[in-house]
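Chemist: So you can see what is in the structure, the chains are spelled out below.
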Amino acid sequence: MTIAANNVPVVPAPERRRLRTFAFDPMSTRLSGRFVTLDVPFESDLTPGPCGELVQVVDFDATGNQWYQPIDLDDVRVLAQDGLRPMESDPRTHQQIVYAVAMSVIERFERFVGRRFRWRAERQLRLVPHAFEGRNAFFDPGRRAVLFGYYRADRHDPGPNLPGQVIFTCLSSDIVAHEVTHAIVHRIRPYFMEPTNLDVLAWHEAFADLVALFHHFVHRDVVVRAVTTTAGDIGRSDALLELAKEFGHSTGRGAALRSVLGTLATPERFEAATEPHERGACFVAAVFDAYLDRYQASIADLLRIATGGTGVLPPGRLHPDLVHRVADEAVKNADRLLGMVVRAFDYLPVVDVTFGDVVRAIVTADRALFPDDSGNLRGTLVEAMRCRGIYPESVTSLADAALSWPVPAGDLNLNDPRAPVDLLPNWILSATHDLDVTGSQGSQSTVVPPADDDDVTPLAAPPVVAETQSIYAQAQRWAKLHAYELGLDPSPSLRIALRGIHVAYRRAADGQPRPEVVLQLTQRRRDLEDQTLDEHRRPVFRAGTTVIAGVDGRVKFIVAKPLPFLDPGPPRQAPGDQGVTRRHHEAGEVRLRALRRWIDLVEESDALSAWTQEPALNRLDFAALHGDEAGRADS
Amino acid sequence: MTTSVSVRMYNVGFGDAFLVTVDADGRPWRMLIDCGVHSQGQARPIRESVHAIIRDLAGCSPDGTPRLDVVAATHRHADHISGFALQEWEQVEVGEVWLPFVEDVRDRDAIALRQAQVETARRLMMLIDRRTAGLDASAWSAAVTEARWFAMNSLSNAEATDRLVGRNGKRFAGRHRVRYLPRPAQRRNAIPLADGVVIAHVLGPSRDPQDLRLMNPPKNAGWLRLDGDGSSLDDALAGLPLFETRYAVHDVAQLPVGLLDAHASLQLATVTSDADLLGAASVLERSVNNTSLFLVLDVHGTRLVFPGDAQEGAWRHILRDPEKVRLLQDAAFYKVGHHGSHNATPKTFVHEIWRDGGVAMLPWGRVKRWEDSIPKKTLLDALGQHHHTVVRADAPHAVPGKVVVDGDRWSQVSFVARA
Numbered sequence: 001m002t003i004a005a006n007n008v009p010v011v012p013a014p015e016r017r018r019l020r021t022f023a024f025d026p027m028s029t030r031l032s033g034r035f036v037t038l039d040v041p042f043e044s045d046l047t048p049g050p051c052g053e054l055v056q057v058v059d060f061d062a063t064g065n066q067w068y069q070p071i072d073l074d075d076v077r078v079l080a081q082d083g084l085r086p087m088e089s090d091p092r093t094h095q096q097i098v099y100a101v102a103m104s105v106i107e108r109f110e111r112f113v114g115r116r117f118r119w120r121a122e123r124q125l126r127l128v129p130h131a132f133e134g135r136n137a138f139f140d141p142g143r144r145a146v147l148f149g150y151y152r153a154d155r156h157d158p159g160p161n162l163p164g165q166v167i168f169t170c171l172s173s174d175i176v177a178h179e180v181t182h183a184i185v186h187r188i189r190p191y192f193m194e195p196t197n198l199d200v201l202a203w204h205e206a207f208a209d210l211v212a213l214f215h216h217f218v219h220r221d222v223v224v225r226a227v228t229t230t231a232g233d234i235g236r237s238d239a240l241l242e243l244a245k246e247f248g249h250s251t252g253r254g255a256a257l258r259s260v261l262g263t264l265a266t267p268e269r270f271e272a273a274t275e276p277h278e279r280g281a282c283f284v285a286a287v288f289d290a291y292l293d294r295y296q297a298s299i300a301d302l303l304r305i306a307t308g309g310t311g312v313l314p315p316g317r318l319h320p321d322l323v324h325r326v327a328d329e330a331v332k333n334a335d336r337l338l339g340m341v342v343r344a345f346d347y348l349p350v351v352d353v354t355f356g357d358v359v360r361a362i363v364t365a366d367r368a369l370f371p372d373d374s375g376n377l378r379g380t381l382v383e384a385m386r387c388r389g390i391y392p393e394s395v396t397s398l399a400d401a402a403l404s405w406p407v408p409a410g411d412l413n414l415n416d417p418r419a420p421v422d423l424l425p426n427w428i429l430s431a432t433h434d435l436d437v438t439g440s441q442g443s444q445s446t447v448v449p450p451a452d453d454d455d456v457t458p459l460a461a462p463p464v465v466a467e468t469q470s471i472y473a474q475a476q477r478w479a480k481l482h483a484y485e486l487g488l489d490p491s492p493s494l495r496i497a498l499r500g501i502h503v504a505y506r507r508a509a510d511g512q513p514r515p516e517v518v519l520q521l522t523q524r525r526r527d528l529e530d531q532t533l534d535e536h537r538r539p540v541f542r543a544g545t546t547v548i549a550g551v552d553g554r555v556k557f558i559v560a561k562p563l564p565f566l567d568p569g570p571p572r573q574a575p576g577d578q579g580v581t582r583r584h585h586e587a588g589e590v591r592l593r594a595l596r597r598w599i600d601l602v603e604e605s606d607a608l609s610a611w612t613q614e615p616a617l618n619r620l621d622f623a624a625l626h627g628d629e630a631g632r633a634d635s
Numbered sequence: 001m002t003t004s005v006s007v008r009m010y011n012v013g014f015g016d017a018f019l020v021t022v023d024a025d026g027r028p029w030r031m032l033i034d035c036g037v038h039s040q041g042q043a044r045p046i047r048e049s050v051h052a053i054i055r056d057l058a059g060c061s062p063d064g065t066p067r068l069d070v071v072a073a074t075h076r077h078a079d080h081i082s083g084f085a086l087q088e089w090e091q092v093e094v095g096e097v098w099l100p101f102v103e104d105v106r107d108r109d110a111i112a113l114r115q116a117q118v119e120t121a122r123r124l125m126m127l128i129d130r131r132t133a134g135l136d137a138s139a140w141s142a143a144v145t146e147a148r149w150f151a152m153n154s155l156s157n158a159e160a161t162d163r164l165v166g167r168n169g170k171r172f173a174g175r176h177r178v179r180y181l182p183r184p185a186q187r188r189n190a191i192p193l194a195d196g197v198v199i200a201h202v203l204g205p206s207r208d209p210q211d212l213r214l215m216n217p218p219k220n221a222g223w224l225r226l227d228g229d230g231s232s233l234d235d236a237l238a239g240l241p242l243f244e245t246r247y248a249v250h251d252v253a254q255l256p257v258g259l260l261d262a263h264a265s266l267q268l269a270t271v272t273s274d275a276d277l278l279g280a281a282s283v284l285e286r287s288v289n290n291t292s293l294f295l296v297l298d299v300h301g302t303r304l305v306f307p308g309d310a311q312e313g314a315w316r317h318i319l320r321d322p323e324k325v326r327l328l329q330d331a332a333f334y335k336v337g338h339h340g341s342h343n344a345t346p347k348t349f350v351h352e353i354w355r356d357g358g359v360a361m362l363p364w365g366r367v368k369r370w371e372d373s374i375p376k377k378t379l380l381d382a383l384g385q386h387h388h389t390v391v392r393a394d395a396p397h398a399v400p401g402k403v404v405v406d407g408d409r410w411s412q413v414s415f416v417a418r419a
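If you read the protein sequences in the order shown, they are chains V and G. Counted from 1, the first sequence has number 453 at position 453 by UniProt numbering; the numbering is strictly sequential. Counted from 1, the second sequence has number 118 at position 118 by UniProt numbering; the numbering is strictly sequential.
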């Protein structure tokens, strides 16, 4: 439905749409009397649902077999009041909330990652606000959907809710943000859904929590209130630092679902944590340690100015002017820190990620943009991670240079005349087009990658371009030519696939954008998998390499997760090899052993393993994970 | 002096029934380890097997009275004790009954654990009944059906347990002594029997608080809490409408086509899966398995290993104790744990600890749903590699000088122990 344009001359469509949500769930809004307003891009072609370019809200309740009336956000009565006032009793406001939070999270992600965000093959994410009855909400990659449950609050321990009242998980901004972030991560790194080590799903959870928590800082008035009530000590602010309060209280926990308040910055918790949410929470806590550290440092001068040089605040409330200046710092630091983590995404391996890899990716990405680290932000974050036991295993020190990903030994260039990857004009131009919100979309936005036979469930959409002519084929040829250097196997029997290609423009310390090309290459190794199991059901073994290059094609970094080569050959004498082949091969052997040990461990610890041939690894998915989390007794 | 030792495995189906006979001087000593079958995997009615056991006992008794020195019930699962529910046992004289300590109503470690297991099984059954309410059994999902088997296996064995402890009017021929094992004092778990000819080493279940956690039942089935007072089970909305009817769409044709298309591809009807119930039920099954009595019978150095259904975790405390490992390594006989399932026989036991050339008996009967996974093929292959003679209950075949069979009723392996 398009809004009527009755004015002459025509008033251009607004750029932003403002929509009200709870702050951040009905329980908290009831206790505080406050709502918040999210400011999201104005989609001109929004239809009832809401159904836009990126998300589609489908309000069908499977348990009750019932459709609910879809909201039309372009109704002037809705537009004129920043969306409907959120109400638990009106499902249309539920639709409005999931739409608003999802759009806001996606936009924020775009901002930090330096490029337009699109779902694979331009297929929207579906949000189902009342999908089923249950204390759970989860992202389901197979359905391309986030499914939200509803349930009755605990009868005996409902916290500040009515015993037995109906709680809607879709009304919790935190839960929506968390689940949509899972979908975003899945879009950029689909193989992070394959839990090939203890950290893979934990990283999914950590990142989803991190985005949800930092989303609190989007609301400046919430930050201002937190600064006011804590007299600047926002490390004590539950409004900022706790997740999913209503969910936590209504399920008998007596507390928010997760919180970064007051945990000890020691490694023991991380070392003992095996459950993904718990393990991820350690990472989130470390980021907030660093955040609070930087925040305190950045307001120190303000406090000195306000206190005649002592920096010691008198009892009572802060001056409103000071509150606003401090809140500015709180928001700025939140953006900077979240930006650091989000930017790292392009620098992560394609498969088998560990928290150590995350630390290295953060450092490498940040160093490229802020070589001086003048505020010591990077150093603070690395130190906060170390304190909580999170650091890469095979680095010589925690210095920037040691933590950065290795640079390729020789001259490696995507424009290798023997097998060039033709980046210009198509990809770079197209990405530039995409960045201009007022112009037309880039030509490559709609290029669909070919279905990948090596995926357990290949993407259904047909390729738009024949694989042989596309950039996918060019990248394959290039990767075969340089396979050993990339940590991939050059054997003709082993296919190398381009899983994704992006051009990103990230803003550096000097204020200029730094264009970069990121390629994700993967190679399934059927020969190393468990041959006694069906090839469609067994755990998949993949090598994967992220290639980060300049727009001139020069490769800057290689992030390899190799597996042993079929034929490692004699130590290669090729110019520039410098033992790279052997190192990849050896790293591959270590990784293969770890992978097999991990699969055995998962198999042994799963009670169903005894009864079925289905590998236990296949049972680790988000529905099961979040269901378990929801019912998990606090320990 | 030589002593003959024999182990007879009755072919009950998917279940255990082992008769051990030790004869040093013409006064045989007999122990029955388990007698039960899984409801889905019966080779024959359990009554037939019980009759056969009693007949065999009577046949070798000088006065014709069937007699057992010891009955050991490794754990409370139906496939190990269901046979004891039968009244026919009232003809049999039993000296003593051995049970895992978790069954001891006076043992403080045991009370909470057993109650939790029983209560969890009951609540799981409630949930399963609710999910299958009004549905014909043929319409149940495979997961829910299997979950029900697991819950059933842990439930409703009261008549058998009553007989084993001699309460509620259930008994054997006379009064019998009940021992709950292992005892807290480690040194009292080597029990001399048959005038000292047999030493029974009770290696498990562990009483270590760390290990006891392996026996804890699941706390939840998906989002439904199974612990606490179970109130979350009564929290279902039971079809109550979520919103006033004016918000409901009565004519689906009015909806935008895009929404209807999305709905069709989402297949939301299958969102509520039964995997959560099955997951919880399998954890419960394993918890009860891990309460298994783990026995090594030692007759002058000829050792017979009966691990019950102890699964992976429950072996750990044994494998880390060098003295216990020594008892296992030169065993002449191993009762394959948990019907040959994937994680009831540790790889290290087969590949590193147990010396080659022994005898393994596999109590197994066909349950269609599990036939591809139990027994685990790699386990059978590994036993073969180490030159063990594997005797399967479902496929009895004689091995001259070693294994005798009686049709498909039982297989028996014999050893000679020298003092």
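If you're looking for bench data, these hints aren't it; they were derived computationally from the structure. Be aware that a few hints might be false.
To be verified - Between beta-carbon pairs, the in silico distance windows are: (1) Met-126(G) / Arg-597(V): 32 to 42 angstroms; (2) Asn-7(V) / Arg-130(G): 13 to 23 angstroms; (3) Gly-379(V) / Met-126(G): 54 to 64 angstroms.
Beta carbons: idealized from backbone N, C-alpha and C, even for Gly.
Chemist: None of the hints should be skipped; say for each whether it holds.
Modeler: Cross-check of the supplied hints:
1. Met-126(G) / Arg-597(V): 32 to 42 angstroms: Hint holds: Cβ distance 39 angstroms, inside 32 to 42 angstroms.
2. Asn-7(V) / Arg-130(G): 13 to 23 angstroms: Since Asn-7(V) and Arg-130(G) have Cβ atoms about 59 angstroms apart, the given range 13 to 23 angstroms is violated.
3. Gly-379(V) / Met-126(G): 54 to 64 angstroms: Given about 56 angstroms between the Cβ atoms, the range holds.
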